[in-house]
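Given chain F, put chain G in place with the hints provided.
Heads up: the sequence lines are chains F and G, in that order. Our numbering applies: residue 1 is where the first sequence begins, and numbers increase by one. Our numbering applies: residue 113 is where the second sequence begins, and numbers increase by one.
No false leads were slipped in.
Calculated lysine-lysine pairs in the PhoX-like style (CA-CA distance at most 25 Å, straight line): (1) Lys-99(F) <-> Lys-153(G); (2) Lys-176(G) <-> Lys-99(F); (3) Lys-176(G) <-> Lys-126(G); (4) Lys-132(G) <-> Lys-167(G); (5) Lys-3(F) <-> Lys-99(F); (6) Lys-126(G) <-> Lys-178(G); (7) Lys-153(G) <-> Lys-3(F); (8) Lys-132(G) <-> Lys-99(F); (9) Lys-99(F) <-> Lys-167(G); (10) Lys-3(F) <-> Lys-52(F); (11) Lys-178(G) <-> Lys-99(F).
In short, the hints are calculated from the structure, not lab data.
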Amino acid sequence: DAKTTQPPSMDCAEGRAANLPCNHSTISGNEYVYWYRQIHSQGPQYIIHGLKNNETNEMASLIITEDRKSSTLILPHATLRDTAVYYCIVRSPVQGAQKLVFGQGTRLTINP
Amino acid sequence: GAVVSQHPSWVICKSGTSVKIECRSLDFQATTMFWYRQFPKQSLMLMATSNEGSKATYEQGVEKDKFLINHASLTLSTLTVTSAHPEDSSFYICSAVKTGSGNTIYFGEGSWLTVV
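Just chain G, with the same shape it has in the complex:
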């Protein structure tokens, strides 16, 4: 398998502040990473595709200025939720593509964000 790690695993922030979530591929390099969000009892919703060294590609309806994605190295992508509001509270999950053998995607443990 392959290991993808997210940090923090949970965070509480005040409304109006920004919060950054990190996603690291620990034992492989990942040119491409993906960010998802998941609300309770719902499936994962793809937010954006993060490509190392280039701008992220956002899914329709996802505000790029609100969810800033930076993929500065082959092992790290970050998601910054700017000016967070209570409706941004959710489970955020990243994943990374491991090249070879079907380019399998591995997921992080997820990060719980609560905006109060």
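Isolated chain F (complex conformation):
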């Protein structure tokens, strides 16, 4: 799996958009970008994933650069419950190469 680079921590004010960056300069053509988050003492929660197009769901938006070497997860209106560690992971969904390898992630703190 390609490695990703994320800032270790970020702060965001409640109600504002939280923009979490991720660099994945060695991503290969068949690898997707996945985002998960882990709230303290819970299992990771799937947020969103994408290959090359921008994606949006009820939780967040994912913006992937045209060269696919970086992406940004956007939480449009952050709440206190969004405080968590966010993990950006690149992974191929092909059978036999599916595992998720976690880095250190970004610890996002939403401030009131």
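Relative to the frame of chain F, chain G by itself:
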């Protein structure tokens, strides 16, 4: 989304005993599941890949005879920590691959193991 459930959510056992943790995919079938462990303030560490009907594949440094994995059905994988010791105390998390739409992986709630 998809639901993956673990049981028990926490367990305390005596040193030298074995403890089993179950991981179930509740609303989908999972040919492949993964087991992780996580120590406080650290990231998740992949232990093994569990494949239905075949032997698990362990990551380097993980003792297969100590962490027994059985994936007997398409909805259930179990992790048995044998002859547990205090250093095995950790947060154990399973995940399952939901086929289709990028083969997204969903995680269980995790199981806290404390060995005393």
